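Protein chains in written order, with the numbering used here: chain B, 64 to 459; chain V, 64 to 459; chain L, 64 to 459; chain R, 64 to 459.
It should be emphasised that the hints constitute simulated quantities derived from the structure, not laboratory data.
Since this is a predicted model, take the numbers as computed values, not measurements.
Worth double-checking, as some hints may not be accurate.
Copies of the same chain are indistinguishable here, so a pair counts whether it falls within one copy or spans any two.
Below, computed lysine-lysine pairings styled on BS3-like, alpha-carbon distance capped at 30 Å [to be verified]: (1) LYS401 <-> LYS189; (2) LYS386 <-> LYS100; (3) LYS386 <-> LYS401.
What follows is the residue order along each chain.
4 protein chains.
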Amino acid sequence: MSFQNPVFIPGPTNIPEAIRKACDMPTLDHRSAAFGKLFRPAVAGVRRVLGMEGGEVIILPSTGTGGWEAAITNTLSPGDRVLAARFGMFSHRWIDLCQRHGLEVEIIETPWGQGAPVAAIEAALKADTAGRIKAVLATHNETATGVRSDIAGIRRAMDAAGHGAMLFVDGVSSIGSMPFDMAGWGVDIAVAGSQKGFMLPAGLAILGVSDKALAAMEGARLPRTFFDFRDMLRSYAGGGYPYTPAVGLIAGLAKSIEMLEEEGLEAVYARHARLAEGVRRAVAAWGMRPCAASADLYSETVTAVVVPPGCNGTDLVKLAAEKYGVAFGVGLGEVAGKVFRIGHLGMLTDVMVLGGLATAEMCMADLGWGVRLGSGVAAAAEFYRGSAVPMAMAAE
Amino acid sequence: MSFQNPVFIPGPTNIPEAIRKACDMPTLDHRSAAFGKLFRPAVAGVRRVLGMEGGEVIILPSTGTGGWEAAITNTLSPGDRVLAARFGMFSHRWIDLCQRHGLEVEIIETPWGQGAPVAAIEAALKADTAGRIKAVLATHNETATGVRSDIAGIRRAMDAAGHGAMLFVDGVSSIGSMPFDMAGWGVDIAVAGSQKGFMLPAGLAILGVSDKALAAMEGARLPRTFFDFRDMLRSYAGGGYPYTPAVGLIAGLAKSIEMLEEEGLEAVYARHARLAEGVRRAVAAWGMRPCAASADLYSETVTAVVVPPGCNGTDLVKLAAEKYGVAFGVGLGEVAGKVFRIGHLGMLTDVMVLGGLATAEMCMADLGWGVRLGSGVAAAAEFYRGSAVPMAMAAE
Amino acid sequence: MSFQNPVFIPGPTNIPEAIRKACDMPTLDHRSAAFGKLFRPAVAGVRRVLGMEGGEVIILPSTGTGGWEAAITNTLSPGDRVLAARFGMFSHRWIDLCQRHGLEVEIIETPWGQGAPVAAIEAALKADTAGRIKAVLATHNETATGVRSDIAGIRRAMDAAGHGAMLFVDGVSSIGSMPFDMAGWGVDIAVAGSQKGFMLPAGLAILGVSDKALAAMEGARLPRTFFDFRDMLRSYAGGGYPYTPAVGLIAGLAKSIEMLEEEGLEAVYARHARLAEGVRRAVAAWGMRPCAASADLYSETVTAVVVPPGCNGTDLVKLAAEKYGVAFGVGLGEVAGKVFRIGHLGMLTDVMVLGGLATAEMCMADLGWGVRLGSGVAAAAEFYRGSAVPMAMAAE
Amino acid sequence: MSFQNPVFIPGPTNIPEAIRKACDMPTLDHRSAAFGKLFRPAVAGVRRVLGMEGGEVIILPSTGTGGWEAAITNTLSPGDRVLAARFGMFSHRWIDLCQRHGLEVEIIETPWGQGAPVAAIEAALKADTAGRIKAVLATHNETATGVRSDIAGIRRAMDAAGHGAMLFVDGVSSIGSMPFDMAGWGVDIAVAGSQKGFMLPAGLAILGVSDKALAAMEGARLPRTFFDFRDMLRSYAGGGYPYTPAVGLIAGLAKSIEMLEEEGLEAVYARHARLAEGVRRAVAAWGMRPCAASADLYSETVTAVVVPPGCNGTDLVKLAAEKYGVAFGVGLGEVAGKVFRIGHLGMLTDVMVLGGLATAEMCMADLGWGVRLGSGVAAAAEFYRGSAVPMAMAAE
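The shape of chain B in the complex, shown without the other chains:
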């Protein structure tokens, strides 16, 4: 028997029926006009979700990691300096990637559980009087700790420093689930993936690229072919692709954006915030706290729950998988064992989340963590029932 519990990992998310069906298509000649009919609305929709003005959208048959690589190889040259804060596994990995491609990374070490340190970034930029820093890298939503950074604040810091660096933002686990304002925040490259807020299977890196970043592209000397924006943009102009695109995922992306906009982006963000708040109420009822150091840092897509002293979050994740067939996320890197993570992004409902919380409680009871069964569920339920947005059961 195959049992189909929802997943509670911070991505890939549960995939809506309509998106699965959009992705699952017969072969379509990607050199034909029919491809453009799928591709153009996907691109136009990404512009709206990212809040772009000007610039270009690049969609690569790749993943978020590929998106990070594409961002730097298309705009920078060997030896270029970038500025980045490290405060979780994903900010760490982007830094590591830059170093492996021969960039010099000025790292602001920041405690895990904190967000990107706006003041320190401003200071670093002000100190860079020679303008050696070509780009500031920021992880909007650090998936390892459930921390949302203040990208608007980073933009203000950059402006305050009067520094001309580009701003590259990893929005993989935020875009489509939390407000994102590429133009308003002056983001030069935003990196998203298909498998988070867009609720698709993994397989697409989705980038918004500003005009400023496109200008940098011409002089960038890091080698690239698969990720080369120039080939992409030349092919796009003719309605095509420089190689075989992931047609089904692109069709699914168009459908995803149609669904997000049918619900309304603001409603989508509010739904994520509401579900996240319910999870946090449950965490509080358990006598625990999020890894994120303060309420302004709380991610609306993932909560890293700090487990009690003497407990190991990884035990809970393993038990949930093996005993109950439910997937949560383990702690990574510095917080391995110290947290377990509940993903609450994409297509989720109250009933799904409550089932997930009840499962976490069973695991805690099994592990002797001293949590009262039903306590977290009740706290979340009380919040959900007071804040529910009536909805009919959808036919689709």
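Let chain B serve as the given structure and place chains V, L and R on it in line with the hints.
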């Protein structure tokens, strides 16, 4: 956004992925040899699930109601007498069907919440010294009240009365989820549907027919064509069908049985019993009780929950649908308003059931029923965690 | 390896992607408001495709045979007389069904290859001065011989005879593929199935019922429950169903009609006529002829090809299936062996038909029928290329 | 109406039902044990299809272009010299990629329509007495011209020259459709894609990497992260992935290999050869010839048809798409306009190919190319019927 909560109605059930995929097939010529490759394993599997010895399986592109009609029109003649107890909406409907087809029904009126009254059946059969009763009709699992009747007991009563009537059993909401022993119980026709224990979409009536019932078929004078077993059996013999079969559902039926047998029928029954017991623990924690009058009558596929005085079960069902997008069953007929029903059959897991129970609790709180949030969830969770059968997350 | 050749049987047809996806849905509570959102457009669409004014649409989880049975059991009483012509296997079967349900059938025996004999029908009605004939049964498209009858002509004959009988039409293999005008032709019950012009899997009988037939319903004394229009109409009024409906097929029916109307019904009919004409050109090029006796009788959905003397059409069908994995239809009844049938209805394209014709030619060559390879294909191709309606490759 | 003609492009291919269903799966936690159950058989199967001994399989969420890039960035360093012949668009693009990554490419210019020139390769290697050439690049099946090169011959040339360079082979449009013997031919890296012989959607680059190439990996200084084999192999060892894998495609790959091996790899290759020969018979009947210069060079997956003087192959491709909804491939680069391409790989049958050929003939007639309708179809049909492997219509 289409939200995909599981359903908690007593059928149709949630459909497993693998069954949806088996049903969703391109057109196959039903007059070709390929059809037999799907049909034969489905038929053979039905025999095993029903516990048949001898007799024939009939699979009609219809529903349980069609199965009831086929059972009587293929074996009885106008004016024939049948014996049936009425103790719920579905036993009532079968009686009504018999009357509409010109049969004389000797009805044993039985309180809703009770099962088929074995002693009264025995008495009625003993009283029928002229042998006018041609068939005893029994509803194995009365879906309206969540009551399981004792079919083995009815067989013993028939034997004790030394009566030669046929025994027809409505197993629509039991077969595939609760033990069924057609040969052992001496059942002459068992009626199942695709959309309950077999976890398929509605669209098939599935019947097990004993040799005794087949003998009666030749002399039966109720008119029928679509439901005529004779046409069916003639066509089956040639690997075909007298008209266009529902090929996809038959493919899905074969897959369903493969899944049930892979898990093991005993394990499937144990799983249903375990999930049902968790639901009943929640009901008790809410201070309520099942409609079924005693523990030996509890259905393992559906619990009709008697709501407190002054409360209306239908209000809960409406609220759950409109506010939370979750489907429960309303009370029907005599128990309309007095109960709401939680279906717990087919592909279900702890996490799904707990989410459903949490949703019911939110509704109760919304309606001011005085139930403590988390109370039922905790009671079910305590039971589930103590009785869980470890399982890995299935890949399929 | 599973090879997915299109089928060339006269139904079930090849199923379009979009329809397969519409049918393949997760379980939806059929007692919820969501069901009505699927059901109402399906019903409204059927009205348009059938050309109804007044009356009601009935959709049964059954097949065309069930539709025939529903038509008579809901409107007639035991001993009632009906008038019908027999000129193929499907007109024969409806007559047989009537007889099995205790009706008296006045049969006009007509050579296979001819259509319903309008003059003979008129004569029979005129002779029925006592008005004993309650209904005239007509098979619009006799699938066994590929003959289309003149329903408008039958209506004129009935009017000329001044006879008040009802007119019941089997449109199973015509509706959705050839023009149908229920109101204009004064049809009282039209029977369609899901698996032909609607391009769905088998599993629905779809009936248009006139106000006159609905009036007859009240007095009809043939027994029925599963097929009872009264239960259906009572339930429909509340947005529901008297038993579990085939929700996925109803969703697919709504999608089917959306697709047919997006193309335009007239365009759909023209497409069928065009593909059929190509097939007939191929048949002529092979030196053969359709079973239909004259051009005005040609079906646009199926061509029964009369094979040369000494040849056996069933051999071709078997060889095509076993050697090439392609499904054609065998001859049935009187024309068994004398014809093979090429279905050309539903979602078909030039390239599909040409592939099918080429396969038929290979079989003819294998069987030594003396047909030149490529001859039929060339004739059809010449016609198709001269009459093609440009189309882009669809994305969906 | 969406019409679903098969495609006749040289990839992506038509996707079998069973593979579409394997790919279309609900979200599975890729960090759970369940992922390994999908991944390990996919990897093991790739080993068998590639004919590997030793070495490692790398599966990247990318495309063939990404596979080319991964091959060189994981084994070479800036300034390294590689040897490659250019005789078509795809051999050209790999050369271009190498140059963009800072490699020095010794190019053997070869007429389009020829294969990799074994003698010239041997001469170049013999001339490289300093051993500066680190790798020989060979395009096994040049998709632009329909030419298969002799990889075994290249290995013999390398051995004859006593040269220690690695041998990298682009098998994107050959692997899974034509014999490939990685161990026997001494291939160090073989690059395949998901969307050709494996019949999946695009989205995976699949590489076989020899132990010799793995040894080179440690010293390779071309920058890479997304494509880095070292991260992959470290993660694989723990049953995981360095980032989110394309789980559905990997499940589909496992299914693809299961299907290929169920048919038998030799039977798969024979089927491709048989279908290709039929296409070439049609081409000859049209009075045309393949672009491949001689019979030993004929590709079994794609035929580039040289069009008559004064004709333009691109016109045919456009017309087929716009008028008939059928996709063929245009000529690329040097042979743009001079050829059109018929892909005949993946899940294809006689009836599909014959339909495609008939469509090409209609286009030729429309364009006034002086080809007799039916001529090519007849030639192919004659060959197919004489060489058919009987098969039943598959149920799946």
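These are the hints, each one checked on the structure:
{"no.": "1", "hint": "LYS401 <-> LYS189", "result": "neither (36 Å within a copy, 61 Å between copies)"}
{"no.": "2", "hint": "LYS386 <-> LYS100", "result": "between (46 Å within a copy, 18 Å between copies)"}
{"no.": "3", "hint": "LYS386 <-> LYS401", "result": "within (21 Å within a copy, 37 Å between copies)"}
The earlier numbered hint that this structure contradicts is number 1, and it is the only one.
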